[in-house]
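**Q** Starting from the given sequences, assemble the full structure and let the hints guide the process.
Chains as they are written, first to last, in this note's numbering: chain B, 11 to 345; chain S, 11 to 345.
These are calculated hints, taken from the structure and not from any lab test. Note that the structure is a prediction, hence the values are computed from the model and not measured. Hints are supplied without guarantee of correctness; some may be wrong.
No distinction is drawn between identical chains; accordingly, a pair holds when it is met within one copy or between any pair of copies.
Calculated cross-link-like contacts (lysine-lysine; reagent style PhoX-like; alpha-carbon spacing at most 25 Å) [said to hold, decoys possible]: (1) Lys129 / Lys117; (2) Lys308 / Lys319; (3) Lys345 / Lys26; (4) Lys177 / Lys129; (5) Lys308 / Lys87; (6) Lys345 / Lys308; (7) Lys276 / Lys264; (8) Lys231 / Lys286; (9) Lys345 / Lys319; (10) Lys67 / Lys177; (11) Lys67 / Lys345; (12) Lys345 / Lys311; (13) Lys345 / Lys271; (14) Lys206 / Lys228.
Protein chains: 2
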Amino acid sequence: MTDQKIILTGDRPTGKLHLGHYVGSLAARVELQHIHRQYVMLADVQALTDHAHEPEKIRQSVLEVALDYLAVGIDPKKTTIFIQSLIPALAELTLYYLNLVTWNRLKHNPTVKLEIQQKGYGENVPAGFMIYPISQAADITAFKAELVPVGDDQIPMIEQTVEVVRKFNRQYNCSVLVEPEAIISTIARLPGTDGKAKMSKSLGNAIFLSDSADEVSKKVKSMYTDPGHLRVEDPGKVEGNPVFTYLDAFGTDKAKIIELKAHYQKGGLGDSVVKKYLLEVLQAFLDPIRQRREQFAKDPKAVMHMLFKGSEVASAVAHQTLIEVRDAMGINYHK
Amino acid sequence: MTDQKIILTGDRPTGKLHLGHYVGSLAARVELQHIHRQYVMLADVQALTDHAHEPEKIRQSVLEVALDYLAVGIDPKKTTIFIQSLIPALAELTLYYLNLVTWNRLKHNPTVKLEIQQKGYGENVPAGFMIYPISQAADITAFKAELVPVGDDQIPMIEQTVEVVRKFNRQYNCSVLVEPEAIISTIARLPGTDGKAKMSKSLGNAIFLSDSADEVSKKVKSMYTDPGHLRVEDPGKVEGNPVFTYLDAFGTDKAKIIELKAHYQKGGLGDSVVKKYLLEVLQAFLDPIRQRREQFAKDPKAVMHMLFKGSEVASAVAHQTLIEVRDAMGINYHK
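**A** And the structure:
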């Protein structure tokens with residue numbers, strides 16, 4: 011425990027979590043909570059930056075995502091799970107940091123630029139969306155997070171936070187803020203059931219952790235495979251075939267998977283047979299998650315209570331940082 | 011008292027207040043506090059948007075400006091005087107409102123555009139400065155202010171707030187936020203002692219409410235007058251002559267001022283004579299202010315305590331608005 015570090019991570023609550031989230035972040039969180047001091051944030055304030063028109067979706071998703079967390083084994087005794095909007099210090103830190111960053115710098119954040127393009131915002135991008143990297147800097151520094159797990163597309167966000175930390179500490183001649191380091195996920199992104207590069211709710215190609223056995227069955231049956239694999243006897247491709255990617259990610263019988271791949275590549279193995287096996291694998295993986303989720307879902311008040319308790323803990327930590335920030339700036343009027 | 015309205019006004023605490031502030035806003039506040047429910051904000055968070063490098067100046071100015079308020083007769087029993095940074099709800103409201111405003115809209119705020127030009131920021135304008143109109147919208151709406159006294163250069167700021175109010179109420183189908191109305195000052199701006207259009211600390215042409223009798227005397231003696239009035243017997247100009255503008259603003263013996271003006275215009279009245287009279291007038295005006303200020307300055311802790319009490323009252327009001335805002339958005343998790 012000597013090398014225990016502080017980790018901040020989280021999700022924008024804009025829908026239930028799926029297998030892509032599990033592979034990309036949830037699995038790691040379940041491990042990391044045993045090694046480090048982990049905070050997981052339900053980033054509702056950040057979700058509002060591009061969902062201001064549908065706050066009810068965010069509200070519902072807070073509970074759903076919390077259920078997903080508990081179902082996969084994120085343990086509130088080990089991980090502090092909290093709701094961003096219940097931590098007022100984060101908004102205050104954001105405003106102080108915004109004075110240390112130029113308008114020009116925000117405009118040139120590569121991640122935000124790409125997202126603006128993808129969302130088709132153009133000049134009508136909400137101002138809140140443009141400044142969300144600074145809101146993230148507030149989140150990360152409030153907890154003095156040393157490690158932040160990110161995808162490689164999110165590296166510019168960590169760079170922005172590091173800039174804020176350096177500017178603040180230099181400007182106010184202090185060492186209050188801590189530079190975070192990115193933990194860059196080495197795991198390849200899980201493709202969608204349609205074979206597209208990314209599993210995503212908005213693309214309609216996701217298998218959710220909360221999907222029923224029937225829903226999973228339907229989704230697996232209609233999965234994209236090798237479009238050149240027309241007849242059973244044809245040789246089929248394994249690369250870029252999501253059925254095999256999922257088997258690699260969730261199957262435990264590695265020998266059997268190697269055998270299936272060889273057979274498929276040689277020809278003589280029908281998609282339906284491989285899909286039937288994938289379905290078994292996924293149900294075996296999802297069954298216990300689904301059961302735990304149903305159990306927790308019976309008492310949503312208890313789940314919210316857990317989030318409120320986590321938010322109290324997180325709020326105290328963030329408030330302490332805010333006090334130190336104000337001390338460093340010298341606007342601590344009570345002192 | 012039936013037509014009592016809520017007023018929000020205030021100052022960026024970046025230095026002591028001067029005669030220009032008195033004429034432009036303080037005098038009105040002393041009157042308005044008897045008619046309306048007045049909040050006066052020491053806008054330290056806003057001051058940081060362009061003074062992030064000198065927070066100690068802001069900190070000191072909070073006390074100095076509070077002393078100026080008390081000295082001119084703003085009464086904490088009638089007016090709630092508070093410190094912006096002690097009201098966390100304002101930062102939270104700012105972040106929520108930023109999602110309802112486009113980046114493009116912020117860029118085209120005429121007041122901010124002009125200020126950027128004046129300050130020579132160019133592309134390096136701090137992001138916090140660009141968004142300060144939304145921070146102001148948070149200040150105004152947090153107190154449900156119906157009236158906001160402004161100079162005519164500040165009208166675009168009130169328009170921006172009205173836009174936020176309408177957008178919020180429409181977006182969340184509610185009537186939580188209140189549209190403010192500008193009270194536009196009809197009083198001409200007080201020129202500087204150098205005859206420039208505006209009295210301003212940064213131009214070094216200000217007479218401060220806290221200046222000693224000696225300082226006032228020196229400043230009046232070196233005041234700009236009519237540059238064409240070379241010899242006593244020459245006719246002199248009264249228009250654009252700050253000595254007469256100050257007499258109009260602070261003199262009580264209107265008949266005498268009319269007489270002096272006529273004499274000056276005709277010729278035969280020396281600048282030193284008029285200045286001597288102006289000095290009498292200013293000392294008569296400033297003496298009681300100076301005395302009250304010195305009295306209050308003996309106990310700075312009591313002044314800060316008054317600000318803390320005011321901030322508690324203000325914080326409760328702003329927090330109540332934040333609760334209503336969250337209710338309207340439906341992200342009131344505790345309900």
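**Q** For every hint, state whether the structure bears it out.
**A** Structure-based check of all given hints:
1. Both within a single protomer and between protomers do Lys129 and Lys117 lie at most 25 Å apart by alpha-carbon distance, with minima of 16 Å and 20 Å respectively.
2. Only within a single protomer do Lys308 and Lys319 lie at most 25 Å apart by alpha-carbon distance; the minimum there is 19 Å, versus 46 Å between protomers.
3. In this assembly of identical chains, Lys345 and Lys26 lie within 25 Å of each other by CA distance solely across copies; the values are 22 Å between and 46 Å within a copy.
4. In this homomeric assembly, Lys177 and Lys129 come within 25 Å of each other (Cα to Cα) only across copies, at 21 Å, whereas the closest approach inside a single copy is 31 Å.
5. Taking the closest pair of Cα atoms, Lys308 and Lys87 come within 25 Å of each other only inside a single copy of the chain (20 Å); across copies the shortest separation is 53 Å, beyond that limit.
6. When the C-alpha separation of Lys345 and Lys308 is checked against a cutoff of 25 Å, the pair qualifies only between copies, where the shortest distance is 18 Å, while the shortest distance within a copy is 48 Å.
7. When the C-alpha separation of Lys276 and Lys264 is checked against a cutoff of 25 Å, the pair qualifies only within one copy, where the shortest distance is 19 Å, while the shortest distance between copies is 108 Å.
8. Proximity of Lys231 and Lys286 under a CA criterion of 25 Å is satisfied intra-copy only: 8 Å inside one chain copy versus 98 Å between copies.
9. Taking the shortest Cα distances, Lys345 and Lys319 sit within 25 Å of each other only across copies (16 Å), while inside one copy they are farther apart (29 Å).
10. In this homomeric assembly, Lys67 and Lys177 come within 25 Å of each other (Cα to Cα) only across copies, at 19 Å, whereas the closest approach inside a single copy is 36 Å.
11. Proximity of Lys67 and Lys345 under a CA criterion of 25 Å is satisfied inter-copy only: 16 Å between copies versus 43 Å inside one chain copy.
12. For the identical chains of this complex, Lys345 and Lys311 are inter-copy neighbours only, at 11 Å across copies versus 40 Å inside a copy, given an alpha-carbon limit of 25 Å.
13. In this assembly of identical chains, the alpha carbons of Lys345 and Lys271 never lie at most 25 Å apart, being 69 Å within a copy and 53 Å across copies at closest.
14. When the C-alpha separation of Lys206 and Lys228 is checked against a cutoff of 25 Å, the pair qualifies only within one copy, where the shortest distance is 18 Å, while the shortest distance between copies is 79 Å.
Figure legend: structure checked against the earlier numbered hints; the only hint not met is number 13.
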